[in-house]
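Q: Protein chains in written order, with numbering that gives the first Met the number 0: chain L, 0 to 168; chain B, 0 to 366; chain V, 0 to 108; chain P, 0 to 380.
Since the hints were derived computationally from the structure, they do not count as laboratory data.
Even for Gly, the Cβ is constructed at its ideal location relative to N, Cα and C.
A hint or two may mislead.
[To be verified] Dumping the calculated BS3-like pairs for lysine-lysine here, alpha-carbon to alpha-carbon at most 25 Å:
| no. | chain 1 | residue 1 | chain 2 | residue 2 |
| --- | --- | --- | --- | --- |
| 1 | V | 55 | B | 93 |
| 2 | L | 17 | L | 156 |
| 3 | B | 220 | V | 6 |
| 4 | B | 124 | V | 68 |
| 5 | L | 135 | L | 156 |
| 6 | V | 19 | B | 36 |
| 7 | P | 71 | P | 173 |
| 8 | B | 352 | L | 6 |
| 9 | L | 166 | L | 30 |
| 10 | B | 93 | P | 266 |
| 11 | L | 135 | L | 161 |
| 12 | B | 36 | V | 68 |
| 13 | V | 3 | B | 156 |
| 14 | B | 156 | L | 166 |
| 15 | L | 156 | L | 31 |
| 16 | B | 323 | B | 79 |
| 17 | P | 173 | B | 269 |
| 18 | P | 239 | V | 55 |
| 19 | L | 17 | L | 6 |
| 20 | L | 166 | B | 339 |
| 21 | P | 26 | P | 4 |
| 22 | B | 124 | V | 3 |
| 23 | V | 55 | B | 179 |
| 24 | V | 55 | L | 144 |
| 25 | L | 74 | L | 31 |
| 26 | B | 179 | B | 242 |
| 27 | B | 79 | B | 124 |
[Said to hold, decoys possible] Label-pair ranges, simulated between beta-carbon atoms:
| no. | chain 1 | residue 1 | chain 2 | residue 2 | range |
| --- | --- | --- | --- | --- | --- |
| 28 | V | 53 | B | 234 | 26 to 34 Å |
| 29 | P | 299 | B | 269 | 28 to 36 Å |
| 30 | P | 297 | B | 219 | 32 to 40 Å |
So the chains spell out like this:
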Amino acid sequence: MMNDNEKLFNSGILTEEKQEAVLPPMDLWEKKKNGLVVIECPQQIPCNPCHDSCPTGAIMAFENIIDIPRIDYEKCTGCGRCVARCPGLACFVVDLTWGEENEALMKLPHEMLPLPRAGDEVACLNRMGEEVHRGKVINVTEPWKDCTRVVHVSVPKDMIMKIRAVKVV
Amino acid sequence: MKTTEILVVGGGPAGLSAAIEAASLGCDVVLMDSDLKLGGQLIKQTHKFFGSREEFAGTRGFEIGNLLFDEVEKYKKEGKLEIFSNTTVTGYYKEDGIVSYTIGEETYDLIKPQRIVMATGAQEKRIAFPNNDLPGVYGAGAVQTLMNVYGVAPGEKVLMIGAGNIGLIVSYQLMQAGVKVAGIVEAMPRIGGYWVHAAKIRRLGVPIYLQHTITEALGDKVIEGAVIQEIDNTFKLVGEPMKIDCDTICMAIGLTPTCELLWSAGCEMKFVPQLCGYVARRDAMMRTSHPDIWVAGDAAGIEEASAAMVEGRIAGLAAAASLKPEGCQMLKEKSTDYLKRLENLRAGETGAKIRCGLEQVCCECWG
Amino acid sequence: MTRKMIKDHPILNFEHEKKKVVKFTFDGREMEGFEGEPIAAALHSNGVQVYRITPKHERTRGFFCAIGKCSSCFMIVDGVPNVRTCVTALEAGMKVETQTGMGILKPEK
Amino acid sequence: MDSKKVDVAVIGGGVHGCSTAYHLAQKGFRTALFERDYISSGSSGRSAAGLRYQFGTEVNILLAQYNMKCLKTLGEDLNYPGDLEYDPAGYLWIAYSETQLEQLEKNVRLQNELGTTGSRVLNVREIQEVAPFLNTDGMLGASFNQEDGHINPHTLCFAYADAAKALGVEIHKKTSVTGIITKNGRVAGIHTDKGDWEADAVVCCAGAWSVEVGRWLDLEIPITPERHQIMITEPVERMKHPMTLCLDDGSYWKQCPNGTFMLGVGKEEVKDTSYYASWDYLDSATERILPKMPILSGIRVVRQWTGPYANTPDFQAIVGPTPAEGFYIDCGWSGHGLQFAPSVGRIMAEFVNGEKPFIDVSMFRYSRFEEGELFFEPACI
Chain L
0 MMNDNEKLFN SGILTEEKQE AVLPPMDLWE KKKNGLVVIE CPQQIPCNPC HDSCPTGAIM
60 AFENIIDIPR IDYEKCTGCG RCVARCPGLA CFVVDLTWGE ENEALMKLPH EMLPLPRAGD
120 EVACLNRMGE EVHRGKVINV TEPWKDCTRV VHVSVPKDMI MKIRAVKVV
Chain B
0 MKTTEILVVG GGPAGLSAAI EAASLGCDVV LMDSDLKLGG QLIKQTHKFF GSREEFAGTR
60 GFEIGNLLFD EVEKYKKEGK LEIFSNTTVT GYYKEDGIVS YTIGEETYDL IKPQRIVMAT
120 GAQEKRIAFP NNDLPGVYGA GAVQTLMNVY GVAPGEKVLM IGAGNIGLIV SYQLMQAGVK
180 VAGIVEAMPR IGGYWVHAAK IRRLGVPIYL QHTITEALGD KVIEGAVIQE IDNTFKLVGE
240 PMKIDCDTIC MAIGLTPTCE LLWSAGCEMK FVPQLCGYVA RRDAMMRTSH PDIWVAGDAA
300 GIEEASAAMV EGRIAGLAAA ASLKPEGCQM LKEKSTDYLK RLENLRAGET GAKIRCGLEQ
360 VCCECWG
Chain V
0 MTRKMIKDHP ILNFEHEKKK VVKFTFDGRE MEGFEGEPIA AALHSNGVQV YRITPKHERT
60 RGFFCAIGKC SSCFMIVDGV PNVRTCVTAL EAGMKVETQT GMGILKPEK
Chain P
0 MDSKKVDVAV IGGGVHGCST AYHLAQKGFR TALFERDYIS SGSSGRSAAG LRYQFGTEVN
60 ILLAQYNMKC LKTLGEDLNY PGDLEYDPAG YLWIAYSETQ LEQLEKNVRL QNELGTTGSR
120 VLNVREIQEV APFLNTDGML GASFNQEDGH INPHTLCFAY ADAAKALGVE IHKKTSVTGI
180 ITKNGRVAGI HTDKGDWEAD AVVCCAGAWS VEVGRWLDLE IPITPERHQI MITEPVERMK
240 HPMTLCLDDG SYWKQCPNGT FMLGVGKEEV KDTSYYASWD YLDSATERIL PKMPILSGIR
300 VVRQWTGPYA NTPDFQAIVG PTPAEGFYID CGWSGHGLQF APSVGRIMAE FVNGEKPFID
360 VSMFRYSRFE EGELFFEPAC I
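Looking at chain L on its own, in the form it has when it is part of the complex:
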């Protein structure tokens, strides 16, 4: 039988033991203005639009289309274009330099109604859809003008590895 963590992972939830692998190096992350990308794409699938959409080459070219994305964090500018392009909505940007000491800004993909607007207080959801925080929407962008929005929301720093979606309440 599967243990609980396997069960969670097998149903689409990135468990803590697997999170390490996708995190940027902390020293760089803490300093990088505008944030760095976190990509939660643990399965080899034939897909590379994240690389195609990256204007700086931070998401490196794929040797094989099924490769898991590799990131040159030095080049990442936190622009969020991959956030809006990834078909799996697996890219997120986390800006640790934003706001007060304990705050961070998360740039999350969003394709549901109602659309959040800047200034809204929204429910912040973890990977299981549980509301773990109420955060303030700072900005909403639509980088590719294709209806996929990137919602910029302020969150407590210690929540950056928990929050993965927002919901208008």
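Given chain L, work out where chains B, V and P should sit, using these hints.
A: Just chains B, V and P, lined up with the frame of chain L:
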């Protein structure tokens, strides 16, 4: 009797691609599709496609459909491509290669093509449980048609059966349409679709019940709920039955190739579980054992639409090149690229099943 | 009764307002739908889910495959039984009826 | 490979093979049945599945009486849980010329004399009574028997096969017989693609494919396979309408218990066992049938299929022992064989057991062709 150089049966991703390629080589092409609207599954897809730039990765399915329609329009204007929608091909008569079809419910006619590309797609599988016939139990493709093509919600609260890519994607699309998803039931110990598709809906609060099955649909005249229960590794029921509140049950058990015309044509067929049913044996250029018939898309084995489009392009090109000797060079040039793209789409862990299936039905070339 | 249509959608624009509204009847009740949409879709949006009653076990049946393959949505349309309503376009003035059993052949006039 | 051993090997999983195996097992023979594909996959499952008293030769009429009696309660007698769909909706043979009518009258007279009292000759007004939807233009009269009818050919085969299995018969599906073993001038077994079986006797129930089986023993079984086609429509509510056969153009049609109409026409066809249908069949059948049954215009045809007749020179079966010792045949039914499974299955078991058949079928003997003793069945299409 009407004649044409190439008949393409089916106007989904594979059929449209085949028709475009064949027309690009100067062939007269007739494309027939049984639906009211062209585009097959493409026009129902609001999610962005996987793959690479060549397969329009990162573009939404229905928008890819529009791109193909633009190409179709071009060849229609040039008089190379004729489209029959709402037209069901009803028979292939092997003796003289004649195809029968009906337009709508009334008109019946015949056409004699020189070559045929069968891109007939797939149909939904079902599983048995009490009340699985009640209104409110809908196929996943049907749910997509209703809500994404015609703008009609299938219900207010849906239980999804099956966590393959279709079950996961349709769950997400239901939420986009403002429909609640009560949960996704999956018999296997892991989701069958892409992990990222599952993550997308999990973070919106949709439960996925792994190693569960539906044991009963509730309701008298229409669906009023469902009962699900855990199963063990041998698929035996364990645990307690759990009642799920829903008014719709969406069946995303899987698809099986639509292959009646291939059987009628006497194509060599083989049952390949990895391709989800009976499929025609074919060579690398998608030619079946019948020298005038090619196959492409889900009809050749259930796979993603991206692969269907590439297969369609190969089949359309190869069928056309068999009529236009000047097309052979083109076939040689383009097919290398197309085959490489297919190889990419089928790489890795998620493509293992397809690769294993194809090994059983592909031959280098027919004698 | 007003139709239940999906009006707001984050991705799709159905442009329902640009479609031509036509009237038809279902078992004598007047309903509205869009010209050219499948009869089954028009009925569903009007809250009708039961399209026929099966001959042997008298089970209710409705929409299922939406591609004209499964025969679940057979109805009597303008007097003709066994019409696949999921792939038959709605026209103004259509008389749509629940099909009980298999449909009755009528002599041609 | 070790060869397996039975008393009798039956070739062919059609209705005659299944019935024969069942009757052999009843007599205590260890029996194995071999079918290349699945049970009922050949001509049996593809037949129009008519059942009738109305034949025109004595032997067929006597056999038919036994068949009809058995078929009525066969499901229960064989303890079959499914539905055989036995449906006595009647059979109407329609004459369009004096000669045809005379033949029908002759058939009915013979049937009545032999004890089939339900058969009678109808005038045009009476035809309208039993088949109110017919356009009777050009019809002179008909023969009719209300007890004739229809059965589901698949479940009929399954019922016999299951009953045979319950008596210990080995049923080998997806097993092709590839040859016959002989020893000291008599049959000793069979070769198959799954190994050899020893058997003291072999019964060939291979229908149109029997010619090939005969050749393994240097027998020329005079069968010409002929493709026949059938179409089926969407189901509609049951109407008062018997199976109707028209002698002017060979067209026939009936409504099956599930409401579908089965349409067919006897016409010049290719002489092989091909399963491929022809596009012009829809035209040729409908242009004959619709004027006679106008209410069907507009009904949708949903399926068309083929199945081979096993035609003999006189369109009568070949039944009984052969010059090859231990080799028995039951084939050549020329399109009306399905319904003869109850009687002839029993008779084949009697032959193998060395008994005198309960109905004399010597008219069907293999040697009649070289003896020049052909006898034609007038009631077939």
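Q: Now, for every hint given, state plainly whether the structure supports it.
A: To see whether the hints hold, each was checked on the structure:
| no. | hint | in the structure |
| --- | --- | --- |
| 1 | 55(V) - 93(B) | violated (37 Å) |
| 2 | 17(L) - 156(L) | holds (20 Å) |
| 3 | 220(B) - 6(V) | violated (28 Å) |
| 4 | 124(B) - 68(V) | holds (12 Å) |
| 5 | 135(L) - 156(L) | holds (14 Å) |
| 6 | 19(V) - 36(B) | holds (17 Å) |
| 7 | 71(P) - 173(P) | violated (31 Å) |
| 8 | 352(B) - 6(L) | holds (22 Å) |
| 9 | 166(L) - 30(L) | violated (29 Å) |
| 10 | 93(B) - 266(P) | holds (19 Å) |
| 11 | 135(L) - 161(L) | holds (16 Å) |
| 12 | 36(B) - 68(V) | holds (16 Å) |
| 13 | 3(V) - 156(B) | holds (15 Å) |
| 14 | 156(B) - 166(L) | holds (19 Å) |
| 15 | 156(L) - 31(L) | holds (15 Å) |
| 16 | 323(B) - 79(B) | holds (14 Å) |
| 17 | 173(P) - 269(B) | holds (15 Å) |
| 18 | 239(P) - 55(V) | holds (19 Å) |
| 19 | 17(L) - 6(L) | holds (13 Å) |
| 20 | 166(L) - 339(B) | violated (41 Å) |
| 21 | 26(P) - 4(P) | holds (17 Å) |
| 22 | 124(B) - 3(V) | violated (29 Å) |
| 23 | 55(V) - 179(B) | violated (35 Å) |
| 24 | 55(V) - 144(L) | violated (54 Å) |
| 25 | 74(L) - 31(L) | holds (10 Å) |
| 26 | 179(B) - 242(B) | holds (16 Å) |
| 27 | 79(B) - 124(B) | violated (36 Å) |
| 28 | 53(V) - 234(B): 26 to 34 Å | holds (30 Å) |
| 29 | 299(P) - 269(B): 28 to 36 Å | holds (32 Å) |
| 30 | 297(P) - 219(B): 32 to 40 Å | holds (35 Å) |
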